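Student: Taking the hints into account, I'd like the entire structure generated from these sequences.
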Amino acid sequence: MASLVYFLIKGEMRMKSSELWEKFITKYPAKAHCPHDAWAFGAQPTKLAQLVCQGKKTATTSGYLFYELDNEALPQVGEYNIILDENEQAVCITQTTKVYQTTFAKVDARHARLEGEGDLSLAYWRKVHQDFFTQELAELGEEFSPEFEVICEEFTVVYVA
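If you're matching positions, the sequence shown starts at 1 in full-length UniProt numbering and goes up one per residue.
Rather than coming from a laboratory, the hints here were simulated on the basis of the structure. For clarity, every value in this text was computed on a predicted model and none was experimentally measured. Ideal placement from N, C-alpha and C gives every residue a C-beta, glycine not left out. Careful, some of the hints might be misleading.
Cβ pair distances, simulated, as ranges [claimed, not checked]: (1) Glu19 - Glu142: 33 to 39 Å; (2) Pro146 - Tyr28: 37 to 43 Å; (3) Glu88 - Lys27: 21 to 27 Å.
Calculated pairs, SDA-like style, for lysine to any residue (alpha carbon to alpha carbon, straight line, at most 25 Å) [what the hints assert, rightly or not]: (4) Lys127 - Phe66; (5) Lys106 - Thr58; (6) Lys127 - Val158; (7) Lys98 - Ser62; (8) Lys31 - Val160; (9) Lys98 - Trp39; (10) Lys47 - Lys127; (11) Lys31 - Thr96; (12) Lys106 - Phe132; (13) Lys98 - Thr46; (14) Lys47 - Phe132; (15) Lys106 - Gly118; (16) Lys16 - Asp108; (17) Lys47 - Ser121; (18) Lys98 - Val128; (19) Lys16 - Asn87; (20) Lys27 - Val157; (21) Lys31 - Thr97; (22) Lys56 - Asn71; (23) Lys56 - Asp108; (24) Lys98 - Arg14; (25) Lys127 - Tyr64; (26) Lys56 - Ala138; (27) Lys16 - Val158.
Tutor: Here it is as structure tokens:
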């Protein structure tokens, strides 16, 4: 699978999200009407998509405020996600298994490990996510606080191109 992930990430097997979804429902026709969405991770989308395909990243964290501002529904358990790279090419499909809302300060070491990034520590998770949220909030004229509300989502890979 590592070579497949390499080709997907390097762009040699380019696929639109609709094409990957069609392949998925051809294999699993009962899933044809299941809710699904296509998206890329906000920071380093290709690197993080690769971690997902490798099974190393099984969680993500988003700012609750961003869902509100975009008038976007929160993730729901059972939904399918078509994960995109930095070129908006589909690399895999995940299914959401758990969603919960908490504050940045209350995210625990378990969730940090599931994010699959860096040294897997809570300290690393806090640093990179605080940096990311600080930058995103600054663009909106807002300031980061440890009480910033986040949405923690866990998922499993169900299909790789």
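Student: What's the verdict on Lys31 and Val160, does the C-alpha distance respect the 25 Å limit or exceed it?
Tutor: 16 Å, holds
Student: Given the hint that Lys106 pairs with Gly118, does the C-alpha gap stay at or below 25 Å?
Tutor: 20 Å, holds
Student: Does the Cβ distance between Pro146 and Tyr28 fall inside 37 to 43 Å?
Tutor: 41 Å Cβ-Cβ, so the 37 to 43 Å window holds.
Student: With the threshold set at 25 Å, check whether the alpha-carbon distance from Lys106 to Thr58 stays at or below it.
Tutor: The given pair, whose Cα atoms are some 19 Å apart, holds under the 25 Å limit.
Student: Could you grab the alpha-carbon distance between Lys98 and Val128 and see if it respects the 25 Å cut-off?
Tutor: 22 Å, holds
Student: Verify the proposed pairing of Lys106 with Phe132, using a straight-line Cα cut of 25 Å.
Tutor: 17 Å, holds
Student: Between the alpha carbons of Lys16 and Asn87, is the straight-line distance 25 Å or under?
Tutor: Holds, because 10 Å separates the two Cα atoms, which is no more than 25 Å.
Student: Please verify whether Lys31 and Thr97 have alpha carbons no more than 25 Å apart.
Tutor: Distance of about 16 Å is within 25 Å: holds.
Student: For Glu88 and Lys27, compare the CB-CB distance with the range 21 to 27 Å and indicate the outcome.
Tutor: 23 Å, holds
Student: So if I understand the rule, the pair passes when the alpha-carbon distance is 25 Å or less; does Lys56 with Ala138 pass?
Tutor: Given pair Lys56, Ala138 is violated - Cα atoms ~30 Å apart, limit 25 Å.
Student: Is Lys47 close enough to Lys127, meaning Cα to Cα at most 25 Å?
Tutor: Status holds; Cα separation ~18 Å.
Student: Hint check: Lys98 vs Arg14, CA-CA at most 25 Å. Holds or violated?
Tutor: 30 Å, violated
Checked against the numbered hints above, the structure violates hints 6, 16, 22, 24 and 26; every other hint is satisfied.
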